[in-house]
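Top line first, the protein sequences correspond to chains A and B.
Just so you know, we're using the numbering used here here: the first sequence kicks off at 19 and counts up by one.
Just so you know, we're using the numbering used here here: the second sequence kicks off at 732 and counts up by one.
Take these hints with a grain of salt, some might be off.
[What the hints assert, rightly or not] With a straight-line Cα cutoff of 30 angstroms, these simulated DSSO-like cross-link-like pairs (lysine-lysine) come out:
#1 B:K955 / A:K46
#2 B:K958 / A:K53
#3 A:K46 / B:K768
#4 B:K927 / A:K46
#5 A:K100 / B:K955
#6 B:K927 / A:K53
#7 A:K198 / B:K795
#8 A:K100 / B:K958
#9 A:K53 / B:K955
#10 A:K198 / B:K955
#11 A:K198 / B:K995
#12 B:K995 / A:K100
#13 B:K955 / A:K246
[As the list claims (entries may be wrong)] Chain B side only, calculated, beta carbon under 7 angstroms to chain A, not exhaustive:
#14 E780
#15 R788
#16 P789
#17 P817
#18 A820
#19 H821
#20 T849
#21 Y850
#22 T851
#23 H852
#24 V880
#25 Y890
#26 F893
#27 H894
#28 E897
In short, the hints are calculated from the structure, not lab data.
Here a beta-carbon is modelled for each residue, glycine too, at the ideal position from N, C-alpha and C.
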Amino acid sequence: MMASALVRPLTADDGLQPRWIDGRPMEKVAAEFIKPNDRLTSFERLQLYSRMYWFRLSDAFRDDCPGLVAALGERAFARLSKAYLERYPSRSSTLRDLCSRLEQFILEKPRLTAPRTALACEIARFEWAQTVAFDGESLPAVAAERLSSTPPSRLRLGLQPYVTLLSLRYPIDTFVIAVKRRDALRSEASNTPAAAAVVHRVFRRTALPRRRSTHVAVHRHNNRLFYKRLDPAAFRILDALRRGSSLSRAIAAAGPGVRPSQVKAWFKSWMALGWFCADGNKRRRAAS
Amino acid sequence: MAGRVFSYVPANRFNGHSDYGIGIGLRVPHYAHILSKKPVVDWFEIISENFMVDGGRPLELLDKILEQYRVVQHGVSMYFGSADKPDRAHLKRLRTLVRRTKTPWLSDHLCWGSVDGTYTHDLLPMPYTFAAARRTAEKIRQIRDFVEVPICVENVSSYAEFHVSEMTEWEFLTEVVELADCGILLDVNNIYVSSKNHAFNPYDYLNNIPHHRVGQMHVAGHTKFEKYILDTHDHPVLDPVWKLYAHATRMCGVSATLLEWDDKIPSFDEVHNEALKANEFIDGAKKAAV
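Same shape as in the complex, but just chain A (with noise of 0.2 angstroms):
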């Protein structure tokens, strides 16, 4: 009961729902196993831990989505947050999975992100490859013997389980760059105690992002997160490889006109990331 009460949405100023899911008055429900002490009543005990169950995940919420909340704004991201919170409640023991299923509810519930919901999309689906990047599983890289003893036919290559490849109508990781450019700025600027009324004008809103097909693999080296822009036909060899193609099939998969001297080096490049692993592609996370 009292799990069921503290997760359902608080009101428009932050309180416990009045009623039950019955239609009780909620002062009654909680009376009911909650004691009161002489300064506050069961319902505002309850009230008490509600509040900060919604106060966190929409803290944890803003955290991972930087991008979500500078491309809707922030009343239209509470909105999201908490209609989201309310279908898809954290069904791990760590918060940093709360967000794994972002994307999916944008696509069910598009009038929430209206008339943004393909951007929001792909923000949200950027952004949850941003936290499979920082700790998702390495496994051992593929050795450049492997490569050139085996038959190209025969060769099956992983893709590292925290890369992710996203093949986007928006350039969401230009947009990303720039908005946590600009919260760095703000957070510096609002340290200074003459520079608050300033940060809001001088720090506008980061500009959105015009359609423009753009791949790009997000990953990360040395520990640090990066985004890697991919020519199309890069992107549709390392997407076939993570489908289990062979070698030989994921660069056919390139189309004409590409030259081998430059699959060479985009492989070069790649073994030189550590993108590739014996058999990642059973085991590695879908990001999208």
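Given chain A, work out where chain B should sit, using these hints.
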């Protein structure tokens, strides 16, 4: 307690017979300072869940800390008091981390916080009933058998009490730890906060728990509101809490002590110096024992 011998060393079977003194929490704002300046700190407490990950920077950072420092794990989501069975995947990750850190003991809270696989990410107060005590103790035993290190159970701060409770909080804590044969992480700030919210004498709490089971203590700051006190961990330790700590040390003996400072975190030196204030109370307790 008649005939009880004051313990001048913190080691007992509930903290793996370790001799850990005063520690602080390992917190993100201090990482750069710790790694570059390598300050002398007796031990760090880490939140287990922050490092129960598959890879990346958290584990890189942890391994660097482990090269130089002793670390003890403190959890926030085991939910000993939840009716849910222990999550095996969570336990496996926890045990992997225990083996990595070589923590001499593991702590988590006497609370519940999950129902049917949905997590509140809060430390919710227990109903103090004999049935709840039995169920909680059994869960602690199962978890201890799996992770293979001693467990200390922490008393939480609370803002609600239940009509169904059959005993006081300290009686419930005693019942649980005796049935589970586990240790206590005695959080004196939580005792103070709860004593104000529920109008009981905090010294009654301290005087009536099994002192020999205390493997570790916590001190922390809190925030007073008009009608309640909130356990915010964002201030220095207030005098009434230090007084409770002094009394707890006289009753339990010298114990591994940790200062919790989790929000509005000041510089490393400020936090560490605050923690080291515990020494004067430990010295006082030793003198009183002579």
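We went through each hint and held it up to the structure:
no. : hint            : result
1   : B:K955 / A:K46  : holds (28 angstroms)
2   : B:K958 / A:K53  : holds (15 angstroms)
3   : A:K46 / B:K768  : violated (57 angstroms)
4   : B:K927 / A:K46  : holds (25 angstroms)
5   : A:K100 / B:K955 : holds (29 angstroms)
6   : B:K927 / A:K53  : holds (15 angstroms)
7   : A:K198 / B:K795 : holds (27 angstroms)
8   : A:K100 / B:K958 : holds (28 angstroms)
9   : A:K53 / B:K955  : holds (21 angstroms)
10  : A:K198 / B:K955 : violated (35 angstroms)
11  : A:K198 / B:K995 : holds (21 angstroms)
12  : B:K995 / A:K100 : holds (26 angstroms)
13  : B:K955 / A:K246 : violated (49 angstroms)
14  : E780            : holds (5 angstroms)
15  : R788            : holds (4 angstroms)
16  : P789            : holds (6 angstroms)
17  : P817            : violated (11 angstroms)
18  : A820            : violated (9 angstroms)
19  : H821            : holds (5 angstroms)
20  : T849            : holds (5 angstroms)
21  : Y850            : holds (5 angstroms)
22  : T851            : holds (6 angstroms)
23  : H852            : holds (6 angstroms)
24  : V880            : violated (19 angstroms)
25  : Y890            : holds (5 angstroms)
26  : F893            : holds (6 angstroms)
27  : H894            : holds (6 angstroms)
28  : E897            : violated (13 angstroms)
In this structure, the hints that do not hold are numbers 3, 10, 13, 17, 18, 24, 28, in rising order.
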